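Visitor: The primary structure of each chain is shown beneath.
There are 6 protein chains.
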Amino acid sequence: MVWQRPDGRQPYQLRPVGFHTGFTHFAPGSVLTKCGDTQVLCTVSFSEGVPKFLAGTGKGWLTSEYRMLPAATQQRQERELLKLSGRTQEIQRLIGRSLRAAIDFEVLGERTLTVDADVLQADAGTRTAAITGGFVALANAISQLMRRGVIKRSPLCGQIAAVSVGLLQEEPYLDLNYVEDVAATVDLNVVMNQHLGIIEIQGTGEEGSFSRTQLNQLLDFAEKGIQQLLIAQREAIADWEEVFVGVRS
Amino acid sequence: MVWQRPDGRQPYQLRPVGFHTGFTHFAPGSVLTKCGDTQVLCTVSFSEGVPKFLAGTGKGWLTSEYRMLPAATQQRQERELLKLSGRTQEIQRLIGRSLRAAIDFEVLGERTLTVDADVLQADAGTRTAAITGGFVALANAISQLMRRGVIKRSPLCGQIAAVSVGLLQEEPYLDLNYVEDVAATVDLNVVMNQHLGIIEIQGTGEEGSFSRTQLNQLLDFAEKGIQQLLIAQREAIADWEEVFVGVRS
Amino acid sequence: MVWQRPDGRQPYQLRPVGFHTGFTHFAPGSVLTKCGDTQVLCTVSFSEGVPKFLAGTGKGWLTSEYRMLPAATQQRQERELLKLSGRTQEIQRLIGRSLRAAIDFEVLGERTLTVDADVLQADAGTRTAAITGGFVALANAISQLMRRGVIKRSPLCGQIAAVSVGLLQEEPYLDLNYVEDVAATVDLNVVMNQHLGIIEIQGTGEEGSFSRTQLNQLLDFAEKGIQQLLIAQREAIADWEEVFVGVRS
Amino acid sequence: MVWQRPDGRQPYQLRPVGFHTGFTHFAPGSVLTKCGDTQVLCTVSFSEGVPKFLAGTGKGWLTSEYRMLPAATQQRQERELLKLSGRTQEIQRLIGRSLRAAIDFEVLGERTLTVDADVLQADAGTRTAAITGGFVALANAISQLMRRGVIKRSPLCGQIAAVSVGLLQEEPYLDLNYVEDVAATVDLNVVMNQHLGIIEIQGTGEEGSFSRTQLNQLLDFAEKGIQQLLIAQREAIADWEEVFVGVRS
Amino acid sequence: MVWQRPDGRQPYQLRPVGFHTGFTHFAPGSVLTKCGDTQVLCTVSFSEGVPKFLAGTGKGWLTSEYRMLPAATQQRQERELLKLSGRTQEIQRLIGRSLRAAIDFEVLGERTLTVDADVLQADAGTRTAAITGGFVALANAISQLMRRGVIKRSPLCGQIAAVSVGLLQEEPYLDLNYVEDVAATVDLNVVMNQHLGIIEIQGTGEEGSFSRTQLNQLLDFAEKGIQQLLIAQREAIADWEEVFVGVRS
Amino acid sequence: MVWQRPDGRQPYQLRPVGFHTGFTHFAPGSVLTKCGDTQVLCTVSFSEGVPKFLAGTGKGWLTSEYRMLPAATQQRQERELLKLSGRTQEIQRLIGRSLRAAIDFEVLGERTLTVDADVLQADAGTRTAAITGGFVALANAISQLMRRGVIKRSPLCGQIAAVSVGLLQEEPYLDLNYVEDVAATVDLNVVMNQHLGIIEIQGTGEEGSFSRTQLNQLLDFAEKGIQQLLIAQREAIADWEEVFVGVRS
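Residue numbers (our numbering), protein chains in the order written: chain A, 2 to 250; chain G, 2 to 250; chain D, 2 to 250; chain U, 2 to 250; chain L, 2 to 250; chain B, 2 to 250.
For the record, the hints were derived by calculation from the structure and aren't laboratory data.
Be a bit skeptical, because a hint or two may be false.
Because identical chains cannot be distinguished in the list, a pair is counted as satisfied if it fits within a single copy or across any two copies.
Result set (DMTMM-like, lysine to aspartate or glutamate): computed pairs, CA atoms no more than 20 Å apart in a straight line [unchecked claim]: (1) K153 to E208; (2) K60 to D105; (3) K153 to E243; (4) K53 to E79; (5) K84 to E66.
Being a predicted model, the structure only gives us computed values, none of them experimental.
Please construct the entire structure, taking both the sequences and the accompanying hints into account.
Guide: Structure representation (structure tokens):
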């Protein structure tokens with residue numbers, strides 16, 4: 002039996018992607034990111050100074066927070082108040098690590114970029130949408146900070162995008178939505194850069210294991226998806242040529 | 002010296018108001034509310050059951066949560082994690098009390114409506130925007146719940162809107178923005194119903210006191226503003242005639 | 002039907018008021034305040050220094066904490082441990098704002114006054130008793146600090162008192178006790194200064210709205226009550242003439 | 002060199018003790034206890050039911066909470082909010098254990114007595130004052146509960162009092178005040194019953210050790226003090242003969 | 002330049018592994034696990050009942066907690082008290098997911114197995130040691146529970162082991178110690194079952210990306226290490242043949 | 002009826018004691034302490050600097066943390082996460098106070114020693130095992146710090162050991178195990194120094210009181226036990242003669 006995708010997509014096909022840039026305007030970067038029905042508001046804030054462990058090194062930092070609005074899911078979910086769930090912490094750590102791979106922190110100097118990813122609507126793939134959209138917000142923020150003269154040179158040395166892939170009935174599928182995510186036996190999130198170098202790979206087969214052959218099939222699909230996302234990102238960043246440096250200093 | 006409004010409004014003039022209904026679609030009510038540059042996403046969720054103190058009474062409940070996204074303000078603000086600030090708690094209690102005045106809880110029966118007001122962008126007046134937009138989301142939610150047959154009769158027995166007024170150089174002004182809010186010596190939030198009956202009044206003159214004459218001038222302006230908001234709300238609620246009952250059972 | 006007050010008072014009559022000054026003696030101000038059966042221990046402490054946001058401005062600060070002892074109510078109430086309830090936070094913010102209107106912070110200089118209001122017995126009106134009694138403790142504290150030479154000039158530039166009024170069967174009543182507070186459809190707390198200028202007004206009609214005419218009737222009663230409280234306060238402050246300055250510098 | 006007591010007392014002499022019974026009247030027992038300048042408000046509340054570990058055993062429970070008001074000490078102390086200090090927890094556990102020795106829980110049945118000890122003024126010896134005064138409040142509470150018919154038989158089977166003793170310049174002193182408490186090298190708290198049986202003994206010599214001979218001298222002084230406290234307690238309990246049963250069932 | 006391993010190991014060589022079974026004896030499974038200088042005490046406890054989301058399904062559950070003792074690292078680390086770090090939560094979720102793949106929860110029935118992994122000494126690889134040693138403790142616990150008659154059939158349907166691999170100077174190395182872990186540009190944790198099916202893969206290249214070729218080299222090394230660990234585990238489990246079932250029911 | 006000890010010991014007989022020194026090796030002192038089936042891992046860490054209240058005094062500090070692993074008891078116990086229980090706080094305060102009596106803080110200078118006592122297995126007497134074993138770890142840590150030249154002179158001026166005694170059927174017994182601890186009516190913990198001077202005594206008779214005669218019998222047994230523990234400690238400390246100074250400077 003072969004899995005029929007609820008929205009009729011091909012196995013290797015992404016959901017429609019959209020980046021609504023400048024969605025709010027107090028933060029230097031603000032992008033309402035849509036991947037199908039998943040909507041994540043990604044904002045990037047800037048502040049002078051770095052956390053203690055970097056003070057005096059001349060290097061900057063990027064950190065991330067991830068949260069879901071209570072009404073983002075089918076059933077309203079309680080806000081996380083006294084403590085963050087393990088899931089939330091894992092995701093915001095992943096977003097931070099992934100987007101740090103885009104920045105040359107020596108060029109940035111002792112400043113901190115904060116990426117807030119707030120999920121307004123959740124139809125699976127929120128963490129990868131947060132990374133992909135967060136990158137657009139990051140580029141826009143750097144662009145604005147340069148125009149305002151706050152930073153002199155662009156520290157944007159890598160392009161980062163992310164996508165999920167999964168096994169359904171032992172076959173690979175790209176960019177799962179919620180129904181598919183629940184049905185999948187294996188779920189793999191992949192973060193890559195502009196050269197399709199792997200930045201992060203997280204795969205789990207709680208409902209079953211997967212072979213190395215299947216892993217490589219999943220990665221083939223992930224590569225395809227990420228190539229398209231990289232193009233969509235560049236189209237959404239007005240001054241891509243100026244803001245993207247492409248190599249670490 | 003007379004106060005010059007930064008956006009050139011008349012003293013008795015509201016900022017442009019907008020209600021983007023159906024902004025997300027998992028919650029029965031979802032309205033992105035704009036009052037000038039202030040943007041609040043108001044969603045209304047529904048659940049069977051009530052808090053303990055009402056169990057067995059046959060009456061329903063409405064509760065509210067209010068939060069700001071970190072990048073909603075000029076300077077990024079930390080999320081409230083371990084505990085809510087006094088300000089946040091005051092505001093969400095105010096929103097809850099105000100919107101409860103719109104509902105006949107005997108008609109609702111033992112169900113709970115939860116109004117989430119998440120501020121995406123804050124240019125003052127977020128609590129009054131949350132109440133005014135929250136009412137639209139509430140009406141839309143009730144409308145959808147009736148269409149889906151979840152509730153049989155509409156419990157919407159009151160129309161509620163809110164606005165801020167303040168004294169600047171001893172003169173009253175309607176619907177202050179952030180710059181005005183900071184400059185005002187007296188700040189008054191007023192919540193009224195469709196008959197301009199007062200539901201809630203909160204005035205504070207930390208930087209100076211105000212006379213009863215000034216209080217009445219402020220209330221004149223508040224009435225004007227609320228009359229316009231009541232009209233705008235009704236225009237944003239497609240099936241107003243069906244959903245609004247207007248009297249308690 | 003007309004409301005019969007349980008203690009036989011006239012509608013415009015206060016409960017007996019008492020200020021037991023010097024109730025404890027480590028804090029410079031300490032007043033056990035009684036309004037009928039409501040008992041609030043108000044103490045005022047003094048410390049050098051101010052919160053960060055005022056450091057270097059030359060201005061002082063006043064802050065307040067409010068708490069109920071567990072056995073203050075008919076049913077023992079749990080202490081608020083991990084977090085303060087919204088009600089507690091609202092009240093302590095109100096007390097702080099109200100009593101700050103009594104102080105010229107430039108005269109005080111970079112020092113902090115802390116008003117602790119601990120309710121030993123609660124028969125309604127605890128927040129207004131805390132403000133009215135807190136003012137007496139504040140004046141006594143300033144007086145003692147001047148005698149000890151800790152501060153040179155009195156920063157006491159305003160006299161502050163507070164009272165509650167409410168609507169019962171659509172008629173106004175002054176200084177509600179617990180039974181009345183529960184029965185009232187509208188509850189209004191009013192804080193005024195020595196000129197009967199309004200410092201704070203908070204009215205809520207969760208069980209029903211109120212007209213502007215009713216609001217003005219309630220304020221008439223509040224004014225009457227506050228005039229008597231202002232007199233009682235001055236009688237309880239031994240050296241009123243020396244400690245009260247009456248205008249901001 | 003011999004220690005001169007600041008208040009001129011003999012080494013074996015208690016501070017003046019006072020029990021102001023019925024200080025508040027919502028809780029069945031309420032005693033403002035004074036030991037010199039130490040003032041502790043002890044209230045005893047009553048509720049049906051017991052903690053889980055006792056449910057179904059037919060036995061009741063007694064628990065205690067201890068807290069200091071912020072202005073109870075020379076320097077204002079922060080309230081314990083997020084967590085209780087080790088000191089506070091130790092003291093409230095000690096009060097609970099000590100007063101449980103006064104109650105026959107089979108006679109009480111599945112009910113809970115809660116002793117709240119709130120220190121209004123602290124001049125050392127607050128934990129022993131809380132126990133000694135808490136016992137008076139406990140007896141008064143039981144007496145009232147019997148008069149109201151809530152409990153049929155008195156469960157008061159033991160009389161409990163407590164005192165502190167200490168070594169100053171290697172000599173024993175009874176009932177230390179704050180100055181003495183700071184100067185003492187050894188501090189011993191003793192809780193005894195009506196037969197001078199030891200219920201609890203806690204001695205610490207952080208600044209120096211003490212011999213068994215000294216321990217016995219300290220216990221001689223503690224016995225003397227407790228004998229007087231037992232008499233004072235009985236005088237403060239109006240219906241001592243009726244309420245005190247004296248033996249476990 | 003080629004990386005010289007500080008302990009002289011070959012690139013594909015594990016550190017010495019040891020399982021001290023029965024280290025404590027109140028829990029049914031207790032194994033002090035050593036991987037080089039890394040020491041993790043893994044205990045497995047058993048309780049009737051399951052979390053709410055499984056109640057009534059007839060299925061059991063396995064959960065895990067991971068913590069480091071403060072003195073486990075070169076510099077003493079604060080205990081995590083108010084909240085768990087993201088790292089801790091990630092790790093304990095990983096351990097739980099991995100070891101759940103070893104259990105047939107329908108055979109277990111509505112019971113919960115809790116795996117506690119407490120790191121006594123940390124020289125990198127603590128999470129993989131916790132999984133590998135946790136599996137041994139799990140098998141021992143099941144064995145004891147069967148001997149005691151608490152469970153009738155063994156639910157142990159999979160064998161699980163884990164290891165870390167990393168890139169140092171672009172070359173793969175197996176089972177990194179602390180010095181190597183810090184120096185690595187890419188770090189990959191791999192969890193596999195007895196068929197070398199992948200249960201979990203987590204790779205991160207914060208300091209640099211990695212190619213798919215490198216990923217496959219790392220997986221080759223991981224497979225080699227896991228094969229040896231699977232053998233060592235079986236040797237440490239006395240009654241392996243009885244306790245291991247090998248297929249889901 | 003006379004109590005029969007479950008392990009056949011004489012009333013005045015200790016359980017077998019063992020000190021496994023150097024159990025872990027990152028902390029300067031690390032001792033796995035066994036008293037019968039009770040196992041406590043005691044580690045001592047060292048850091049420059051002292052808490053605020055000692056800064057600038059030239060004096061050092063010693064603090065302690067005590068915790069049980071979840072599987073240390075017959076039934077798995079939840080870890081204490083949001084707050085420490087009163088029991089845990091009491092115990093860690095006791096360990097800290099007791100071991101501070103071993104150190105001359107003027108010789109130590111402004112440094113902090115942290116004693117972590119983690120109970121791996123609990124069969125009663127964990128707090129006294131933590132003190133007795135903590136002392137050995139402390140001596141070993143000082144010895145190592147002197148060899149490494151971190152401290153010049155030994156600050157070890159006292160030898161500290163602790164034991165529990167209790168009344169079972171009105172007779173005294175030394176070093177109770179869990180079964181005895183539960184059955185005892187009176188439980189007494191005693192901490193003494195090398196001269197058998199009392200450092201700390203804590204006795205509680207919740208299930209019954211005890212006479213002064215019984216107290217002295219219990220202390221006789223405690224002295225016997227502590228004398229043996231002092232010998233065992235000295236045997237476990239390799240360079241006892243060098244590290245122990247014996248008098249405060």
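Visitor: If a hint holds in the structure, say so; if it doesn't, say that too.
Guide: Comparing the hints with the structure gives:
For the identical chains of this complex, K153 and E208 are neighbours neither inside a copy (50 Å) nor across copies (24 Å), given an alpha-carbon limit of 20 Å. When the C-alpha separation of K60 and D105 is checked against a cutoff of 20 Å, the pair qualifies only within one copy, where the shortest distance is 9 Å, while the shortest distance between copies is 43 Å. Only within a single protomer do K153 and E243 lie at most 20 Å apart by alpha-carbon distance; the minimum there is 12 Å, versus 59 Å between protomers. Taking CA atoms no more than 20 Å apart as the test, K53 paired with E79 passes between copies only; the shortest distance there is 17 Å, against 33 Å inside one copy.
In this homomeric assembly, K84 and E66 come within 20 Å of each other (Cα to Cα) both inside a single copy, at 13 Å, and across copies, at 16 Å.
When each numbered hint is compared with the structure, a violation occurs for hint 1 only.
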